[in-house]
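Protein chains in written order, with our numbering: chain A, 28 to 467; chain B, 28 to 467.
Everything labelled a hint here was simulated from the structure, so no lab data went into it. Errors might be hidden in some of the hints.
[What the hints assert, rightly or not] Below, in silico cross-link-like pairs of lysine to any residue (SDA-like), each with a Cα-Cα straight-line distance of 25 Å or less:
#1 A:K150 to B:K39
#2 B:K165 to A:A253
#3 A:K165 to B:S103
#4 A:K124 to A:R85
#5 A:K328 to B:E463
#6 A:K124 to B:A439
#7 A:K51 to B:G147
#8 A:K165 to B:Q61
#9 A:K165 to A:A195
#10 A:K398 to B:V454
#11 B:K328 to A:E95
#12 A:K375 to A:H290
#13 B:K398 to B:K328
#14 B:K79 to A:K446
#15 A:K150 to B:V454
#16 A:K51 to B:T100
#17 B:K165 to A:R126
#18 A:K79 to A:R126
#19 A:K223 to A:A253
#20 A:K124 to B:D105
#21 A:K223 to A:G318
#22 A:K328 to B:D105
A quick note: this is a predicted structure, and the numbers were derived from the prediction, not measured.
There are 2 protein chains.
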Amino acid sequence: MRLSRCFLPVMKESPSDAQIVSHKLMLRAGLVRQTAAGIYAWLPIGWRVLQKIGQIVREEQDRAGAIEMLMPTLQSADLWRQSGRYDAYGPEMLRIKDRHDRDMLYGPTNEEMITDLFRGDVKSYRDLPRTLYHIQWKFRDEVRPRFGVMRGREFLMKDAYSFDIDEAGARNSYYTQLLAYLRTFQRLGIRAVPMKAASGPIGGDLSHEFIVLAPTGESEVFYDAAFEEFDWAQEALSYDDADGLKALFEKVSTTYSATDETHDEARWAEVSPDRRREGRGIEVGHIFYFGDKYSASMGLKVSGPDGSMVTPQMGSYGIGVSRLVGAIIEASHDENGIVWPETVAPWKVGLVTMRGDDEASVQAAEDIYKKLTAAGIEVLYDDRDERGGVKLGSMDLIGLPWQLVIGPRGLAQGVVELKCRRTGEKVELSIDSALERLTA
Amino acid sequence: MRLSRCFLPVMKESPSDAQIVSHKLMLRAGLVRQTAAGIYAWLPIGWRVLQKIGQIVREEQDRAGAIEMLMPTLQSADLWRQSGRYDAYGPEMLRIKDRHDRDMLYGPTNEEMITDLFRGDVKSYRDLPRTLYHIQWKFRDEVRPRFGVMRGREFLMKDAYSFDIDEAGARNSYYTQLLAYLRTFQRLGIRAVPMKAASGPIGGDLSHEFIVLAPTGESEVFYDAAFEEFDWAQEALSYDDADGLKALFEKVSTTYSATDETHDEARWAEVSPDRRREGRGIEVGHIFYFGDKYSASMGLKVSGPDGSMVTPQMGSYGIGVSRLVGAIIEASHDENGIVWPETVAPWKVGLVTMRGDDEASVQAAEDIYKKLTAAGIEVLYDDRDERGGVKLGSMDLIGLPWQLVIGPRGLAQGVVELKCRRTGEKVELSIDSALERLTA
């Protein structure tokens, strides 16, 4: 992408209404613009990050055997009356009347709708187990939206729903999503610690939150440093291995972690002091096993192996996709701007000419841009008519993993500069070597 | 994908409320389920088609230099008051009050919002021309939603917006999108004829609709058969070639096409009778050049080359992505079900064992499934415990381009059957030859 043809407005100053670093950086680096209280437009660079996060979430859901679909944003109030949640849900539910004066709502979650869809089409235990998910915009009418996309009103969520014939099956589905979550967050380049949680308005008795440490987090968290050493992606664990999944769950359950809501001082005292980690955290995922709460209230039954009718056991599994953009920035930035993990960076390489009026520099940049693009590498080429220092500042701000900088003096000696955004390390090397490193 | 682990409920009978063939087939083949009047959930197979269509639209927008972003579904009424459309828009606009009693709406289109975003960040003619687009859910509160996703209330639309410094630039942006549309529809496997249109509530004096012929279409259309012979994808036309784009526009404008709204009997009489095509059509895209209608009313100005302030010229460009699923089915089906164009088919190959209880058949199917998947071919493997005839019926209904059928008798002789869904042609050939054909 040529910056001169993109839409990437960067700001020198932080807007005064942004209180936390991720919100400030998302505005300054041109990821989002607020269009109404707690509602944001995703500009091209923000949209690229959002898509990359969504794609990793999708790939790990697919790998775990969940099936993608898409439910609509607006729902009929009647569905929510069947579960009893329409009246129970507070003013965070955005209630709407259509032109025929029918009660609708902007879905904050989809337990009722998926149960209704399942009820309409699934009749036999042979169609179980099944986990369905979608990645769709939700709305929660927060009384005081703040912190940018971290606590917005319209937000993108991945929510999955599992249906099993019995509790053992439902627990296996729960463990499957637990592993999928651990893998997902690791691939996103952040440490999200699973914590036993109270289940709140979803109901049920088994629930974990996934919390990213950040000073601006909403809740206080406590965990054993062992969580920092687990490598979930490397766990040679198959989703077909029920015993292995159960062992994973035991490992997560027996290693101490808690929010202030569930914190247990007695158990905390048993954790060796050098392994105690405390801080504030941001919730980026939440999973629930809630048994027959919705299937029973909404009359979902399937015929069992012996012909009798059975009420399926359900769970639901959320990831805050748009919130993750903020959470990743909270966890990964420095004084100059964002430092994207490579897996979610909007582009891998920023290509900069220090002198846009130097013919040789421009020619070299065009050549490198073509070669990297042809090799399938995502490049943002800053071809604007700006001073070199301004371009380098923008590149640090938007935080691409690599900067390839072309200056007239270096070029005369056949070298360019390659800078790693995370470490700040710069090396001078030939164009060919730089290309080789970036395409390796 | 193994059908036994998917969520693909097929129905033998057409639901009685479905009046047109695409709606019937979308319900029977398990693409969608209605969740409220004019609102649909996209089940896995429907979601796959929707994504494929969206991806082709996206690729052709990107190729034409448009930049993707994402605007939110809910908008502030204040934005629409600035353009004067809030009061002008009829009851099709879904008006919403949030918990603080602020006037909101579910966006039916985004001219106001994109103009506002542009106004906030673009200050100079050097940032023009620019075309931005998003693929996002919209809402129009139709008084009588019908025909399934063809005239639903919540629908997925691609809408692009162009900003230029003058009319010549704006016309070039318009011609660029015109070509992108012709290429897009051709890649989707449908013939969409561009027709000069009245511009309606968007405003402006230059506008084309893109119409797919189908007996259930809403409007009557007339066009010169020359449109059936143009090959837009093959046109050696570069988006950088302004003269070539203008010539394309002239070619489209001088070849007769019209809806009943714009039909001109005198010009029609000049078309040679054997080239006159008449029928009903479905609108799948609509493009508009409307000058400064929104930039002027909303106060968008940029500094021009000579320092004076200039009001940019704008256009907008819509494609009905969810409607296209229905339109493609209207244009491509037979008495047994859907016949997907290969570019948008949910899977390329349906793999069927005639006898699920025959060990050798199952082994062969598993082996073929692995090999095709490893080769990157999308396969739906019907591994259900059903009679062969039922499976074949389902495959015809859901309309994948190729069916690979394994029967015990053929297998004993080392052959399988490969059926082309579109032509019905069946050939017996060795497994290796079948794999070779499908992966070629």
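Here is what the structure says about each hint:
no., hint, in the structure
1, A:K150 to B:K39, "holds, 15 Å"
2, B:K165 to A:A253, "violated, 47 Å"
3, A:K165 to B:S103, "holds, 17 Å"
4, A:K124 to A:R85, "violated, 33 Å"
5, A:K328 to B:E463, "violated, 45 Å"
6, A:K124 to B:A439, "violated, 64 Å"
7, A:K51 to B:G147, "holds, 17 Å"
8, A:K165 to B:Q61, "holds, 19 Å"
9, A:K165 to A:A195, "violated, 31 Å"
10, A:K398 to B:V454, "violated, 44 Å"
11, B:K328 to A:E95, "violated, 44 Å"
12, A:K375 to A:H290, "violated, 40 Å"
13, B:K398 to B:K328, "violated, 58 Å"
14, B:K79 to A:K446, "violated, 38 Å"
15, A:K150 to B:V454, "violated, 37 Å"
16, A:K51 to B:T100, "holds, 23 Å"
17, B:K165 to A:R126, "holds, 16 Å"
18, A:K79 to A:R126, "violated, 38 Å"
19, A:K223 to A:A253, "holds, 16 Å"
20, A:K124 to B:D105, "holds, 20 Å"
21, A:K223 to A:G318, "holds, 17 Å"
22, A:K328 to B:D105, "violated, 48 Å"
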